[in-house]
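Q: Heads up: the protein sequence lines correspond to chains P and F, in order. Just so it is clear: in the first sequence, position 66 is 66 by our numbering, and no numbers are missing. Just so it is clear: in the second sequence, position 51 is 51 by our numbering, and no numbers are missing.
In case anyone wonders, no lab produced these hints; they're calculated from the structure. Among the clues, some could well be false.
Coverage of chain F stretches by chain P, computed from C-beta distances (three or more under 8 angstroms per stretch; other residues unrestricted) [said to hold, decoys possible]:
1) 317-330
2) 353-364
3) 387-397
Residues of chain P clear of chain F, computed beta-carbon distances all greater than 10 angstroms [stated by the list, open to error]:
4) Pro10
5) Glu94
6) Val144
7) Thr165
8) Glu200
9) Val202
10) Gly243
11) Tyr245
12) Ala306
C-beta atoms are modelled at their ideal positions from N, C-alpha and C, and glycine is treated no differently.
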Amino acid sequence: MNPESFRFVPEQASSIAGEVDLLYFCLLGFSAVLILGIGGCILYFAVRYRRKPGEVPTPKPVHGALRLELIWTITPLVIALGLFGWGARIFIQEQTPPPDAMDVYVVGKQWMWKIQHPEGKREINELHLPLGKPVRLILTSMDVIHDFYVPAFRTKKDALPGTYTQEWFTPTKVGKYHFFCSQYCGTEHSKMIGWVYVMEPVRYAEWLASGTPDVPAAEAGAALFHTFACDTCHGQHGPTLAGLYRSNVKLSDGTVVFADDNYLRNSILQPSAQIAAGYTTVMPAYKGILSEEQVIQLIAYIKSLASAKRPESTEVKP
Amino acid sequence: MSATTAERVADYPPHPGTFVEEGYSLKSWLLTTDHKRIAILYLLAITFFFFLGGAAAVIFRLELMTPQADLVSNETYNKLFTIHGVIMVWFFLIPSIPAVLGNFLVPLMIGARDLAFPKLNLASWYIYMFSAALTIASIVLGGVDTGWTFYTPYSSMFSNSHVMLAVIGIFINGFSSILTGLNFIVTIHRMRAPGLTWSRLPLFIWSMYATSIVFVLATPVLAITLTMVGIERVFHIGIFDPSIGGDPLLFQHLFWFYSHPAVYIMILPAMGVVSELISCFSRRRPFGYSFIALSSVAIAVLGFLVWGHHLFVSGQSMYGGLVFSLLSYLVAIPSAIKVFNWTATLHRGSIAWDTPMLYALGFIGLFTIGGLTGLLLAALGIDVHVHDTYFVIAHFHYIMVGGAVMAYLGGIHYWWPKMSGKLYPEWWGRFSALIIFVGFNLTFFPQFILGYLGMPRRYHEYPPEFQIYHVMSTAGASILAVGYVLPLCYLLWSLKYGKPAGSNPWQATGLEWQTHSPPKTHNFDVTPVVTDEAYTYVEGKEQFVG
């Protein structure tokens, strides 16, 4: 134990951390004023109006004061609404990744984190990131619910089995920071921790290039696309995948859905659930056939086709 | 509240003995339908569970003194915090004030002879004991490691512990709550003494009424949810596990639809007790009686609409998060109203520093801290950081222990003379209250800091930089443990050696004080007639001393 142990706030290492801390300290200040105020009143009254020994209690009868009641109902209400708005503003920011964020796939399983970079680099319980670049983590789990939490970034999100969730941040300080699984996941829950390394972009590029050369996720996906004979239909008489990612897709029941990561995932694993307009379900379900990593690679491949022009573009705003 | 006795003829033959003298055999206790005796049965049971759940906490707090694992294995650690949570929530906190104090006092406070359904009341206790036996069995056979929240798919598909037995135990336990709630609702509606209108009801009765509504409406949802966990676990029918077609978040929505109102099941009765204590020991009618009463109802209603604030980081939609955050801020308002009114009641009162009052004042302070840190958690931007950390642990212990347990102990001390007919030693009472207050703060305040630093909950091992605050917390827990054992000792001591209490040692106004201590089996010699509002503490007014 050293003086460093007496910290009150973790390091601020993301663009949002300062804003979260500011709200936190303002709320603490507000709480302190109220607690000291109420506590002070209680103590003062308890001493000032203390019943002396032998005294016959003769308190003044109470008449409720409507004005006072209204003041201490409406004032807290207004303050509460203000606090809600402030917290909500930060939250909306936290929930809305910028479009140019770098996607990193994170898969939780009992009891480890498997991480895959778009360039193909894979890590376990470690996450290397470049400084100053927005990062979007796409999270999923292979078994129970986990949660990817980086205190220095002031953010976390559950990793759910069977779907993708996302979490984003911009690292703003070079260093080594803890990440934790913060959703209880069984026996070795407390061992499901690791380190985030935030590096200068140059060092990050060096790190990416180090070790055995990696196949970028999109290339691995392209190979899978061929291996599983997806190209028999897609690109021929099946729905084209070029420009699909983040476009609006019209379904056979007339609804329009936004083709995000979860849409791609579901369409690979359970194609019959959402059928693109004008097509029938001939595609087999790949649920139980593809591993989470293979799905990620296929999605990376489909994303790499996103820049291509979509033939019959349905430009509906999401 | 006063009872005029002169013009009333006895409604039933006067009974010679107190409820204790009714019979000393085991059979006379186990087959009783007297609400007061059933309250004592509950008191014995929940005291046992309080110390059992507390013992689990002592062991894992000792484990957490050091960052590495040394005292228990990770499996044992996980089972310990699960046992602690399950026992404290369902077998101590939820039944504590309603089943013990509520059972004893609701009929006495409204001038009735018993609850509306005395046999059902006894059945509630047996259901509770049967469910407790199943839960104890699950512990003895090897324990449960899911946490008290039973999150799926871990609980339904992955855990290798005795989940089914525990889930069945809690399922059955719920029916005990529902029947007690039903009994109170009917009793409060139908059995009030002549003249005891709704606006004259003691605030404790209002809070019991609000609590009972939550019991009846929320508990069935828990039963349904746990049944679905059982179905998935035993028959592998996909409800929550996506690998067999389920939705893991569905469980969290259902679970918290019950468990958030359950928080109010624990705190509303505590607020009721504190309203009684503050009034009696400052000798004033509570400031803003109707605001305190109606805020209980507002809390009960709004409490059903905030469950989604447990899911801010779960993948719930952003708009869902925004709505639940807003509603969570709204539910804070009625609690704030109560705190302001209690404080205003003290102003120009005649304040006695007796043990129950020390607990009540402690309650206001600790509950305020718990409530204000709730505002921090309801702030979406902060919750994303501190969700599932020790900050949450500290927050809800300030509400559950600093709030509910303090009020429960305050209530036990306040009504102990009524229940036992004996006075407890006042010096020891004050001393223990102080020890508990100090121990509690030392245990849980450092956990706020731990949480903001990022220490996740339910961690068996942790990085060494968190150690200093864990050491403080464990030190506090040791003090707290002493504070809880002391009342057990001196209250038991007082049963034999305590001074006779007389019927109204506090010179309080409630109907429960206008009959003998301990009360006779039929509570009142004649049915009281109420002619005044509650809490008419006025100069020179005579209190019943019979």
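Q: Look at each hint and say if it fits the structure.
A: Status of the hints after comparison with the structure:
For the segment 317-330 of chain F, the proposed coverage by chain P is satisfied: 7 residues have a C-beta within less than 8 angstroms of a C-beta in that chain, meeting the threshold of three. Proximity of the segment 353-364 of chain F to chain P, defined as three or more residues with a beta carbon under 8 angstroms from a beta carbon of that chain, is established by the 3 residues found. Look at the segment 387-397 of chain F against chain P: 3 of its residues bring a Cβ nearer than 8 angstroms to a Cβ of that chain, three or more, so the hint holds. Taking the minimum C-beta to C-beta distance to chain F, about 5 angstroms, the non-interface status of P:Pro10 is violated against the 10 angstroms cut.
A cut-off of 10 angstroms between C-beta atoms contradicts the statement that P:Glu94 is not in contact with chain F; the least separation is 6 angstroms. With a minimum CB-CB distance of about 4 angstroms to chain F, P:Val144 fails to clear the 10 angstroms threshold, and the non-interface call is violated. Not every CB of chain F lies more than 10 angstroms from the CB of P:Thr165, the least distance being 4 angstroms, so the non-interface label is violated. Residue placement check: P:Glu200 keeps its beta carbon more than 10 angstroms from all beta carbons of chain F (closest about 24 angstroms).
At the 10 angstroms boundary, the C-beta of P:Val202 stays outside the reach of chain F, the nearest C-beta of that chain being 29 angstroms off. Chain F leaves P:Gly243 outside its interface by the beta-carbon criterion, the shortest separation being 26 angstroms against a cut-off of 10 angstroms. No Cβ of chain F comes within 10 angstroms of the Cβ of P:Tyr245; the nearest lies about 20 angstroms off, and the non-interface call holds. Against chain F, the non-interface label of P:Ala306 holds: every CB pair exceeds 10 angstroms, the least being about 23 angstroms.
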